[in-house]
Amino acid sequence: MVQISGANRRALPPTSYLRVFEPLRAFSDQDQAVAVSTGRVGREVLEDSTAAAAIKRLTRPLSDPFPHQHRESFRKLVTTTWDGSIHTLYCPDQLATRTILASEQLDGSMRPQLLELLVPSAAREANALRVDKDQFTEDLAHLHTRTSTWGIPFGWLILVHEDDEVEIVEDGEELLASRIYTPLHQALDRARYAAATLAIHAPEMDLLDELATLSEWLQLFDKESVIELDYGRIAALVWPDESPHDLRLGIESLAESDMTGAAASYRRLSNRWLAIRQLARAN
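When you number the sequence shown by the UniProt record's numbering, it's gap-free, plus one each residue, and the end is 283.
These are computed hints drawn from the structure, not numbers from a lab. Hints are not guaranteed to be accurate.
Subject to a maximum C-alpha distance of 27 angstroms in a straight line, what follows is the list of computed DSSO-like cross-link-like pairs (lysine-lysine) [unchecked claim]:
(1) K56 with K76
(2) K56 with K133
(3) K76 with K223
With the hints as constraints, model all of the structure from the sequences given.
Right, here's the structure in full:
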């Protein structure tokens, strides 16, 4: 269990992350140098500085959420395999690209007047001039991080199991993060099994399309990659979380045509996340 100061993180909306950490060889020579350099920064120091930078962007006198002089950084993950081998993996932040994608998602989900207030067209136009078009295209084709505010998509939770490796981060007041790790090949196998089961027994569920999208995304990365499901501050609301266990039981119940068991698992999931959805609406 890691203890740090998390004031900056508590000032932001609870956000979860699904990240892919790849071996160094998966990156270009230039990115490898940046990864090794920025990877020397401690994980929690990086998370706190990232949150502080986000707060500064969101509280500018003129509304402009885009990074202006952002330097790429990499999160580092050190893993030990069953045979004692130590592997170091990296995940690029890709903040500039993710910020653009987030603004585009807002564009399709709110009234134009509100969008102009939050992300003014002048800020978007200025950001378009700053963005490296080639880097944006490359990041878009190989995006390492997915985000979700005020919740965790069920598809993400299917990728992990309750007995996977877990890291807990707290600051003495509350949980700041709970992170679950699993090898990419295991996550992909779990997604495929769940998708195949749903295709046979519940083809009408939206979760099936979500799993298909996740499977396609995971196949973009090196086979020796590791998946990180970072609950972020949502952990303070649900941890310890039995959702991965309930989803696994629900999928297994469907595979055995046990609709009663599947329905019970779904009820537990829905009840657990209902309170968080209500908090999201209140905010």
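A quick look at each hint next to the structure:
no., hint, verdict
1, K56 with K76, "holds (24 angstroms)"
2, K56 with K133, "holds (25 angstroms)"
3, K76 with K223, "holds (17 angstroms)"
The structure shown violates none of the earlier numbered hints.
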